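Colleague: These protein sequence lines map, in sequence, to chains A and B. In terms of this note's numbering, the first sequence opens at residue 1 and continues consecutively. In terms of this note's numbering, the second sequence opens at residue 1 and continues consecutively.
These aren't lab readings, by the way, just hints derived from the structure by calculation. Just so it is clear, the structure is predicted and the values come from calculations on it, not from any experiment. Treat the hints with care, since some could be wrong.
Taking CB as the label site, the calculated pair distances span [what the hints assert, rightly or not]: (1) K113/B x Y308/A: 38 to 44 angstroms; (2) E105/B x A78/A: 48 to 54 angstroms; (3) Q17/B x E49/A: 29 to 35 angstroms; (4) N316/A x G99/B: 22 to 28 angstroms; (5) K165/B x N388/A: 55 to 61 angstroms.
Glycine is no exception: its CB is placed at the ideal position from the N, C-alpha and C atoms.
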Amino acid sequence: MTIEELHDLETKEQARQASLENRIHCCTAAGCLSCGAESVRRAIGEEIEKRGVGERVEVCGTGCMGMCSRGPLVLASAPGKLYGSLTPADAPAVLDGSGSLAASEIDRNSPFFTKQQRIVLAGSGRVDPEKLADYIAAGGYRALAQALIEMKPADVVKEVAKSGLRGRGGAGYPTGLKWELVAKQVGPTKYVVCNADEGDPGAFMDRSVLEGDPHRVLEGMALAGYAVGAQQGYIYVRGEYGLAIQRLQNAIKQAEREHLLGGRILDTGFQFRIDLRIGAGAFVCGEETALIASIEGKRGQPRQRPPYPPESGLWNAPTLINNVETFANIPPIINEGGEWYASIGTEKSKGTKVFALAGHIKHTGLIEVPMGTTLRTILFDIGGGIPNGRFKAAQTGGPSGGCIPEQFLDSPVDYESLAAIGSIMGSGGLIVMDESSCMVDVARFFMEFCMDESCGKCIPCRAGTVEMHDILHRMTRGDASEHDLAMLEELAGLLRETSLCGLGQTAPNPVMSTLRYFRSEYEAHIRERRCPAGHCAIEAEVMV
Amino acid sequence: MPTAITEKPTTVKDNRQKLLERAMSRHQYSGSALIEVLHTAQELFGYLSPELLSTIAHKLRLPPSRVLGVASFYHFFSLKPKGEHTFVVCLGTACYVAGALGLVETLERRCCKSGATSADGRVSFETARCIGSCGLAPAVIYDGTILARATPDQLGRQLDQLGVK
């Protein structure tokens with residue numbers, strides 16, 4: 001495909017879609033699929049056929065529309081209504097746009113939608129992830145075309161730096177700076193790696209982006225390849241994400257066939273191939289050096305840094321590693337300009353952030369908000385609040401993060417503010433807990449996770465997580481002493497200071513943050529052998 | 001779904017060897033493709049037997065220790081045959097706070113411990129570290145399909161249907 005052909009296809013497909021009387025989008029992301037979205041979509045398709053209106057009405061599958069708690073979701077362009085909890089029997093009513101579906105209708109002017117700003121998720125819910133033409137009609141690959149004709153690689157890096165985008169995997173390293181580091185390395189071979197090993201329990205942002213808009217990630221990676229001078233990219237995706245893998249494979253094949261990936265991209269001299277690497281279930285592989293080892297076919301064990309991957313990464317070549325969401329931000333940054341992106345968010349945290357809302361919250365699902373939005377807005381306006389009971393804590397950052405208590409509900413969500421209150425941004429998992437959750441047990445839960453997932457290379461992490469888990473486990477059973485509490489704190493410091501990689505260094509975070517804000521719960525477990533949340537089964541003391 | 005190796009007739013087995021060979025040749029028998037090859041092998045044979053691992057080591061010219069090391073490092077690879085049906089209970093944070101432990105108890109009581117296969121080879125029970133379906137918590141994957149907002153009763157009925165006592 002040449003650049004002219006790309007523009008042609010864009011206008012043609014846009015015109016075709018505009019000529020339709022009704023375009024019915026069925027959410028076919030994992031959440032909706034598991035509550036019967038496929039049969040709803042099929043029923044609508046059959047109804048269209050039965051009525052013989054195939055020329056004017058079209059049904060298509062899309063990525064995540066966000067409100068996973070109301071699946072299966074269907075959006076009909078005429079009369080512009082969003083329906084939830086549909087069954088195949090509703091198909092005729094969807095086509096008629098009839099009032100009988102009033103109960104299933106979801107108000108698109110509710111705060112859940114109006115308080116969000118979708119940049120990364122712009123295509124999710126609108127674009128058919130299995131059709132390249134759909135992505136192109138929505139402006140896809142325009143950024144790549146623009147970069148290849150009008151921009152030098154250094155201009156692309158500059159634009160990304162100007163945007164102020166920071167790594168969305170959790171650490172928040174400035175993306176422009178990382179790209180510059182790789183771009184200035186000399187050498188014939190460089191690599192671009194997309195980290196899609198989303199392992200945090202409670203996080204499904206990357207999965208939804210890959211399932212809902214795979215071409216966006218491919219385009220972001222191709223732009224990165226052009227900017228830093230790499231010709232080969234890898235996507236390291238979790239083996240558990242079968243649908244994401246299937247859609248990525250399909251998208252790569254489509255893009256290669258149309259010369260949007262592979263050799264002579266858009267009839268220019270630029271070439272860039274993307275291959276998938278399927279993870280095999282090791283949380284530590286989200287750490288960049290462990291991820292590199294895994295792509296090389298070894299055990300996913302991290303190594304000492306420096307050298308950092310931009311200098312020496314995959315097969316010792318300069319390697320750029322970014323997260324899925326980071327890459328998904330790149331095409332709009334190139335299209336709209338770095339300054340536009342930098343105008344969104346806070347002073348130090350630019351742009352938007354995707355969060356996966358789950359736990360004790362009314363609207364579980366996928367949302368995207370400008371950086372700096374308060375937790376209260378996210379949880380109560382967008383999330384709809386706690387269904388039964390009172391808010392107790394919000395957990396961000398998974399096993400490397402912390403629990404945020406009620407008093408900080410009004411603090412803005414950005415990298416610095418979250419760090420200041422003892423949590424981290426993390427990749428975007430946001431778990432809400434009501435008063436039935438025991439904070440000691442939550443800390444134990446995350447420590448068990450880290451214990452299981454520790455790769456075993458360094459002793460502080462391998463042995464320390466076991467010791468800490470043992471103490472926490474005894475606390476939840478009412479068998480711990482004051483001495484154990486002191487030991488727990490000492491071990492937390494030790495792990496943080498001496499572990500080799502991020503997994504061990506941050507493993508104590510859930511313990512530290514719950515100790516900071518819910519110390520009385522720990523003390524109740526120890527001194528009174530009582531669980532204030534009524535969660536832990538503490539046996540009554542046996543009198544002898 | 002993966003079934004025990006002994007149930008397949010010999011001709012199919014030969015075909016699987018050929019498919020594995022093809023996967024290795026596609027990667028030019030490169031040692032760095034070990035994880036891809038193990039994925040293919042497990043897909044074809046259901047689990048990674050010692051013989052299979054040593055064949056792979058030989059073909060990719062890797063020390064058998066390295067192949068076993070990698071195969072045992074990653075949770076995804078199974079060194080033992082699986083049952084006819086598999087339940088995977090998600091133990092991610094969202095599922096955990098939504099009561100996944102009750103599901104674990106049901107399966108442990110009626111089938112086997114997590115990570116094992118019931119004595120009659122009918123059911124394997126595993127736990128997962130977040131399957132990324134937190135909106136559906138607590139979630140269970142039964143033979144590749146997600147059961148959303150699963151309850152112990154629902155699992156019980158599923159087990160009844162399978163004839164598990």
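Colleague: For each hint, tell me whether it holds in the structure or not.
Modeller: Status of each hint after checking the structure:
no.	hint	result
1	K113/B x Y308/A: 38 to 44 angstroms	42 angstroms, holds
2	E105/B x A78/A: 48 to 54 angstroms	49 angstroms, holds
3	Q17/B x E49/A: 29 to 35 angstroms	44 angstroms, violated
4	N316/A x G99/B: 22 to 28 angstroms	48 angstroms, violated
5	K165/B x N388/A: 55 to 61 angstroms	36 angstroms, violated
Violated hints, in rising order: 3, 4 and 5; the structure is consistent with all others.
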